[in-house]
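Protein chains in written order, with my numbering: chain Z, 1 to 416; chain G, 1 to 164.
These are calculated hints, taken from the structure and not from any lab test.
Just so it is clear, CB atoms sit at the ideal spot from N, CA and C, and this is done for glycine as well.
Heads up, some of the hints might be wrong.
[Said to hold, decoys possible] One side of the interface only, derived from the structure: several residues of chain Z facing chain G at Cβ under 10 Å:
#1 Ala53
#2 Pro64
#3 Phe214
#4 Asn218
#5 Met385
#6 Ala387
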Amino acid sequence: MRPPLDDQRTTVYKVDPEHPESPSLPTLRTEEMMLNMGPQHPSTHGVLKVVLALEGERIVKATPVLGFLHRGVEKLAEDGTYHQFIPHTDRLDYICAMYNNFAYCRAVEKLLDLTVPPRAEYLRTIVAEVQRIIGHQFWLGTQALDIGAMTVFFYTFRDREILLDFFDELCGARLTTSWYRIGGVERDFTPDLIDKLRRFIDYFPPKLDEYITFLETNRIWLSRTKGVAVISAEDAVNFGLSGPTLRGSGVDYDLRKFEPYAAYDQCEWSVPVGKNGDTYDRYWVRVEEMRESLKMVRQLLEKLPDGPIMADVPSVTLPPKSRVFNDLASMIQQFKLFSEGFKAPTGEIYCGTEAAKGELGFYIVSTGEGKPYRLKIRAPSFIHMGAFDYMARGYMIADIVTIFGTYDIVMGECDR
Amino acid sequence: MHPTAERIQQVFPEAFQRAEEWRGDLTLHVAPGHLHEVCRFLHDDPDLDFDYIVHVSSVDWPDHPERFEVVYEFYSIRRRARIRVKTRVPEEDCVVDSMTDIWKGADFMEREVFDMMGIRFRNHPNLVRILMPDDYPEGYPLRKDFPLRGKGWRDTFPFLGEKS
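Pulled out of the complex, with its shape left as it was, chain G reads as follows:
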């Protein structure tokens, strides 16, 4: 196993689920309740030193009991190392802890995940829609059950759907 993954397994045996390496990318699966402390450790530990947040993303797996996967990707500029941290949450309780207190850049990235996938972030300072309109009524567009052409809200706009 990758030394970073081994380290996390030692320090957080109850949080660590599994680690995998594919095409040179290291992925760490972590229990959702412990995500924040693991990330805090990744950022603060001088031997790991993941000081740079690359992206926050989410994947929807409708058939899986824990439907949503939240993906964080970090980089260590000093060590030139990369890590991906993933956690899964069910649809009924899709809440994970926000990383905004560790990486300030997580603010907009998490807002985008909330906007697109509907995952909520605990302790986020301003969790509102960012790319879609504030009054967008159709839910979360990147979920797999959302049709590509939308659900028809757009057609109710007078200047788009008008037949003269």
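So here's chain Z without its partners, still in its complex pose:
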């Protein structure tokens, strides 16, 4: 547990009453030391820099220095059509590109008041949950690696590869997927893909138990995660934390349950909630979320309805590729949608989606043009960094790596 900073300071200066003859410590010179951590440090998950003020090995203050990966995505959004922004969302949280596409498309659909056909909703939910499993696998592997348990990394990455191959077959890309479209999805599942996914559902649970066996029997993992980066439920809410980072503190805030979207209300699942608000509880929440995701995918595959995968609103949605190359009207529709875009109604919406890292939201202001007037991204990683100083104070310098990792931070999303 984190010893209170002030007590620690007073014990340093106190003379031991049993040995009053021992040299009193105040004669020693003490001063705060500044240490730059990153932006090139391998455990900072990209280009995060933190300036640490240290007293010995204890962190007195941790100031995150952000912006090394700032690309002005919000400005770029104002210059392109609504469709053109979808590939930009891939590059936000590049570990979980599908979920970013999903969050953005949902926001635009809310702006347009567009209803997505049921089959598309099911496909979207299935792929989003597969993406969540990938995100959590990635987190588990890298977090364990950062802390010093190297084996798990290889195992999670082996299994992640199966799902990335699945994405590759689905949309032609492993990471920057752009599979979601406004009003539906780009391509349907083939029977072969459904088969692959079914096989994975049977394959994965024993592997997940294997990861857990590696970690729960590892004393280093336990002692480096339990009681590290603790935040109370009240503080976590006050800081605006979301996702597993918030649920590890015992708040069951999950937009999939609170404001059910897509097909999340069509299947049975529960929200895993931690108790202590430390890194270990967040790890537990993420592992349980993987199990819940599997449960959801299994149920949704069973119930997958037939029908179109794209809403039929020619002024907004894209025609299927097969028609674009064979019929003139569809080609003109596609050309106009990509060159001019569609005119969204005047108004503004905020739409939050529960991504793997937390609540990924898009605030869109439209003035009735073909481009968004203003697009603001509520990136969970950025908001989690706001609590970094608070959560890091008082810990040892070796814990800083755990504290970075505990948020599942991705700088592409943090800096935008």
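Once you've looked at the hints, dock chain G against the given chain Z.
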């Protein structure tokens, strides 16, 4: 009118400007001088209980006399309700009160708004740039009069603009 908006109108008649609902989102327009007390009330009142800060944002309307719009979005985890609070400030005096004493998460979000749009927050503990470099000389990139490709500062970097 939405019951939350009605409540605010009753308690703060001088602050309340108007409320609108669109696509299920409730938006409350508030006078800039009273923003902090309204938000404090939204957070503290047990019937409203907006304990979660979702985002802080800003919109630039160059042709409007009160050019900047500051947007706060709050959520109540217990009531599962959402509210958007907006206020407008003119360019010459674009200052609003900081919410960092109510929601600690507002710290970084307000810094980002300052960085991108140049709106200042009164009583903010550390109002400095967050995403752009500290010595960034070109102003505020998300303003509408800022060109998409920047104003040329980047081209002065020797390793980018060099012609060999």
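Okay, the hints, checked on the actual structure:
Residue-level restraint check for Ala53(Z) is violated (minimum Cβ-Cβ distance to chain G is 14 Å; threshold 10 Å). Restraint check, Pro64(Z) versus chain G: the minimum CB separation of about 9 Å is within 10 Å; hint holds. Of the supplied interface hints, the one on Phe214(Z) is violated, with its beta-carbon coming no nearer than about 35 Å to a beta-carbon of chain G, more than 10 Å. Because the smallest distance between the Cβ of Asn218(Z) and any Cβ of chain G comes to about 34 Å, over 10 Å, the interface hint for this residue is violated.
Given the 10 Å rule on beta carbons, the hint for Met385(Z) holds: about 6 Å separates it from the nearest Cβ of chain G. At a threshold of 10 Å, the smallest CB-CB gap from Ala387(Z) to chain G is about 7 Å, leaving the interface hint in force.
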